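Sequences are here, hints too, so could you generate the full structure?
Protein sequence lines correspond, in order, to chains C and R. Going by numbering that gives the first Met the number 0, 84 is the number at position 85 of the first sequence; the sequence numbering is gapless. Going by numbering that gives the first Met the number 0, 225 is the number at position 226 of the second sequence; the sequence numbering is gapless.
FYI, nobody ran anything at the bench for these hints, they're computed from the structure. Hints should not be assumed to be uniformly reliable.
Pairs count within a copy or across copies, as identical chains cannot be separated in the list.
Subject to a maximum C-alpha distance of 25 Å in a straight line, what follows is the list of computed SDA-like cross-link-like pairs (lysine to any residue) [unchecked claim]:
#1 282 to 236
#2 298 to 275
#3 173 to 291
#4 203 to 219
#5 173 to 195
#6 95 to 183
#7 107 to 208
#8 296 to 88
#9 135 to 320
#10 203 to 182
#11 203 to 174
#12 173 to 287
#13 296 to 97
#14 44 to 18
#15 224 to 272
What you are looking at is a predicted structure, and each value in this text was computed from that prediction instead of being measured.
Number of protein chains: 2
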Amino acid sequence: MSLTDLSGRLALGIDIGGTNTKFGVVNHRGEVLEKGHLRTDEYEKIEVFIEALHRAITPLIEKYGSLELFDGIGVGMPNGNYYTGTAEQAPNLPWKGVIPFADLMKDKFGLRCTVTNDANAAALGEMLFGAARGMKDFIMITLGTGVGSGIVANGSLIYGHDGFAGELGHTIVKPGGRKHWSTGSEGSLEAYASATGIAITAKKMRAEFPSSMLNQYPEEAINSKTVFECASKGDSIAIEVFRYTGQKLGEALANFVMFSSPEAILLFGGVIKAGDFILKPAKLHMERNLFPIFRDKVKLVFSELNEADAAILGASALVWEQKKNNR
Amino acid sequence: MSLTDLSGRLALGIDIGGTNTKFGVVNHRGEVLEKGHLRTDEYEKIEVFIEALHRAITPLIEKYGSLELFDGIGVGMPNGNYYTGTAEQAPNLPWKGVIPFADLMKDKFGLRCTVTNDANAAALGEMLFGAARGMKDFIMITLGTGVGSGIVANGSLIYGHDGFAGELGHTIVKPGGRKHWSTGSEGSLEAYASATGIAITAKKMRAEFPSSMLNQYPEEAINSKTVFECASKGDSIAIEVFRYTGQKLGEALANFVMFSSPEAILLFGGVIKAGDFILKPAKLHMERNLFPIFRDKVKLVFSELNEADAAILGASALVWEQKKNNR
Numbered sequence: 000m001s002l003t004d005l006s007g008r009l010a011l012g013i014d015i016g017g018t019n020t021k022f023g024v025v026n027h028r029g030e031v032l033e034k035g036h037l038r039t040d041e042y043e044k045i046e047v048f049i050e051a052l053h054r055a056i057t058p059l060i061e062k063y064g065s066l067e068l069f070d071g072i073g074v075g076m077p078n079g080n081y082y083t084g085t086a087e088q089a090p091n092l093p094w095k096g097v098i099p100f101a102d103l104m105k106d107k108f109g110l111r112c113t114v115t116n117d118a119n120a121a122a123l124g125e126m127l128f129g130a131a132r133g134m135k136d137f138i139m140i141t142l143g144t145g146v147g148s149g150i151v152a153n154g155s156l157i158y159g160h161d162g163f164a165g166e167l168g169h170t171i172v173k174p175g176g177r178k179h180w181s182t183g184s185e186g187s188l189e190a191y192a193s194a195t196g197i198a199i200t201a202k203k204m205r206a207e208f209p210s211s212m213l214n215q216y217p218e219e220a221i222n223s224k225t226v227f228e229c230a231s232k233g234d235s236i237a238i239e240v241f242r243y244t245g246q247k248l249g250e251a252l253a254n255f256v257m258f259s260s261p262e263a264i265l266l267f268g269g270v271i272k273a274g275d276f277i278l279k280p281a282k283l284h285m286e287r288n289l290f291p292i293f294r295d296k297v298k299l300v301f302s303e304l305n306e307a308d309a310a311i312l313g314a315s316a317l318v319w320e321q322k323k324n325n326r
Numbered sequence: 000m001s002l003t004d005l006s007g008r009l010a011l012g013i014d015i016g017g018t019n020t021k022f023g024v025v026n027h028r029g030e031v032l033e034k035g036h037l038r039t040d041e042y043e044k045i046e047v048f049i050e051a052l053h054r055a056i057t058p059l060i061e062k063y064g065s066l067e068l069f070d071g072i073g074v075g076m077p078n079g080n081y082y083t084g085t086a087e088q089a090p091n092l093p094w095k096g097v098i099p100f101a102d103l104m105k106d107k108f109g110l111r112c113t114v115t116n117d118a119n120a121a122a123l124g125e126m127l128f129g130a131a132r133g134m135k136d137f138i139m140i141t142l143g144t145g146v147g148s149g150i151v152a153n154g155s156l157i158y159g160h161d162g163f164a165g166e167l168g169h170t171i172v173k174p175g176g177r178k179h180w181s182t183g184s185e186g187s188l189e190a191y192a193s194a195t196g197i198a199i200t201a202k203k204m205r206a207e208f209p210s211s212m213l214n215q216y217p218e219e220a221i222n223s224k225t226v227f228e229c230a231s232k233g234d235s236i237a238i239e240v241f242r243y244t245g246q247k248l249g250e251a252l253a254n255f256v257m258f259s260s261p262e263a264i265l266l267f268g269g270v271i272k273a274g275d276f277i278l279k280p281a282k283l284h285m286e287r288n289l290f291p292i293f294r295d296k297v298k299l300v301f302s303e304l305n306e307a308d309a310a311i312l313g314a315s316a317l318v319w320e321q322k323k324n325n326r
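Structure, rendered in C-alpha cells:
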C-alpha cells in the first residue's frame, strides 16, 4: 500500500494479553494495515519486553515513512489505567506491582501512549468501528479466559474516580458461590461465564452424568470449544452447561442494565462461539430479572468486529478518542 | 426576606412521593427560602393534583414579585424520566400509565419544567450543595420506604439510553431470595435494605427469638425506627437485623463500585438513622467483596443535606443543572 492510499493519519494499536501481545498499524477508518505479534510470557522484565516490542514494530513504522504520520500508541492491557498510564497488580501479566507502561513506551517510541484495560479498548473499537456505532450508552462484555467489560454512558467510557471502572467480571452473581481460582472471591460472574468457568461447570456436570458425550474427552481437553462440539451434536449435558452459563450471565446483565440502562449489550470473545446455546438463556434470564420499565428494550448482540483485528483496532481507537478529547 | 437579599435567580423544587409532595423556592446558593407541602394520595386525577399544586405554590411565587425571577421548575418523582419529562408506570403514585408531567406543569405554571426520579434529584443536590461537592464520580443510594439511586460519572448524572438509568434498588443481591412485595422479583436490594425490608427481617427474626425486645411491640409497630430503639438498648436481635441489612447492602455496594469506581457512595434517607448499626457491616461486606484494586478507596458516607430540605433542594438543582447544560 503506497502512502497515497492513506487518507488521514495512523495509530499503533497494541493488545497485551497474558500469553500473547498483538500489534498493528491502523488508519483512521479503522483498517488494520499491518500487524504482528509476540509472546508476552517470554519476558520477565518489562524493559526487555518493551525493547522487543520496539524491535518488532519499528519495521512497520518505517514502512510508512516516519513517526510523523503516527498520532500515538493505544494500548489495551489487563488492569491498564487510563488516568495514570500504568498497569497495576495485573494477575495475568508477568510484571508485578505498578508498571508505568505509557511512560516507558513514550520514552522508547517517542510517541504519546494511552493505556486502558483490554475490555475498555474493545468497547471503544465497537463504538468507533463496530456494532455500537452511533450509540451513546452501551456495555461491552468480553467473554474469554476471563470476563472483562467496558461501559459507555453519555457517549464516553466510564473510567471512574481511579481509572479502574468497569470490572464487571468480578461482580458477584451468586453470593457464597463458586470460589474464583485467582481472586478468591465467591460467586463472581467470571467464575461462571469465562471459558475457565465453563470448563469447571462442564467437568462437574459430566461427572454427574456418565452418559454425557463430554466423558469421551480427557480432563485437559474439556474447554468451551469441546463443550460446543458436544452441544452441537445434541448432547443434553453440554447444552445444559451453556444454559447454566447463560443463566448466570443473564442474571448479571439484568443488574448491569438497571445500573446504566444501555441501548445494547455487546458480547465479545471466544465464548460467544457457543452462539444461541448461551445467548438464548442469557436473554431469557436477563429479561426475567429486569425491573419492568427496562424489559424488551435492551439489544443483546454479538460484536461485529473481525476477531483477529478487534483487539488491535480497539487499542488504536484510544488514540483517536484521545485526539477528540484534546480538540 | 426582601428582594434585595436575593443574590441571583430562583428555582422551584418539587419532590413528589407516594404520600406527600413537598415544594419550595430555592436560590442559586442552595438556600430553601420558602416551603410547603400537600398530600399526593388525595388526588386521583393528575390534572386536579397539578391544579392544587399551582394553587399552593402561586402565593410563594407572588411573594418574590413575579415569574420572571424564576429559571424553572425541577421535579423529583418516582420513575420520572429526564428525557421525556414523563412519569411512567410508577407503582407508588396514584396516576397510572404514562403521565406527561413536565408538559402539564409547563402549561399550568408557564415555566420550563425538568423531571427526573427522586434519587437522581437527590444526587444532583449532593453534587451542587452537599457531601459530593467537587466530586465527578459518586453514587447516591436513598434508603427509605424503597431503595433508589442516582449515579454520577464523569461529572454527569447517568440517565442511560431511555432516561431510566440508576434503579439500583431493583438489582438482585440474592438470586432466588426474598420476593419483592410489589415487583415480584426475588432477592432485590430493596427487598432487604429498604425500611419495608428491614421490618420484614425484624418480624422474621423476632419470631425466631422470643427473648428479643422486639417482641414487646405489636406487629404494626415493627419498623426501622423501633428496631433502632431496641438496638440502641443493646437488644442483640435488633442489632442482628441491622447487621444482616448492612451485609446485603454492602454486598450490593461492592458490585456497584466494580461498575463505576466512584470516589464515594453517599447514603441518604430514613434508614440511615440506624447509623453505625448499618454502616459498619455495610462497609465490611463491601470491602470483602471488592476486587483488590478497589479496596480501601471508596468513601462510604451519609448525606450532608438537611433532611427536611434535601428533596426540594435536589429537585431545584435540576433547574441549575439544566441551565448549565444549555449555556
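Do the hints match the structure? See the list:
For a Cα distance limit of 25 Å, the shortest separation of residue 282 from residue 236 inside one copy, 20 Å, qualifies, whereas the shortest one across copies, 41 Å, does not. For the homomeric pair residue 298 and residue 275, the shortest alpha-carbon distance inside one copy (14 Å) is at most 25 Å, but the shortest distance between copies (42 Å) is not. In this homomeric assembly, residue 173 and residue 291 come within 25 Å of each other (Cα to Cα) both inside a single copy, at 22 Å, and across copies, at 19 Å. Taking CA atoms no more than 25 Å apart as the test, residue 203 paired with residue 219 passes inside one copy only; the shortest distance there is 13 Å, against 48 Å between copies.
In the homo-oligomer, the alpha carbons of residue 173 and residue 195 lie at most 25 Å apart both inside one protomer (17 Å) and across protomers (24 Å), since each shortest distance falls under that limit. With identical chains, the CA atoms of residue 95 and residue 183 are at most 25 Å apart within one copy only, with a shortest distance of 18 Å there and 47 Å across copies. Taking the closest pair of Cα atoms, residue 107 and residue 208 never come within 25 Å of each other, the shortest separation being 56 Å inside a single copy and 68 Å across copies. Taking the shortest Cα distances, residue 296 and residue 88 sit within 25 Å of each other only across copies (15 Å), while inside one copy they are farther apart (37 Å).
For the identical chains of this complex, residue 135 and residue 320 are neighbours both inside a copy (14 Å) and across copies (20 Å), given an alpha-carbon limit of 25 Å. Taking the shortest alpha-carbon separations for residue 203 and residue 182, only the intra-copy value of 21 Å comes in at or below 25 Å, while the best inter-copy value is 35 Å. Within a single copy, residue 203 and residue 174 get their C-alpha atoms as close as 19 Å, and across copies as close as 21 Å, so both meet the 25 Å cut-off. Taking the shortest Cα distances, residue 173 and residue 287 sit within 25 Å of each other both inside one copy (16 Å) and across copies (15 Å).
For the identical chains of this complex, residue 296 and residue 97 are inter-copy neighbours only, at 17 Å across copies versus 41 Å inside a copy, given an alpha-carbon limit of 25 Å. Taking CA atoms no more than 25 Å apart as the test, residue 44 paired with residue 18 passes inside one copy only; the shortest distance there is 15 Å, against 64 Å between copies. For the identical chains of this complex, residue 224 and residue 272 are intra-copy neighbours only, at 8 Å inside a copy versus 53 Å across copies, given an alpha-carbon limit of 25 Å.
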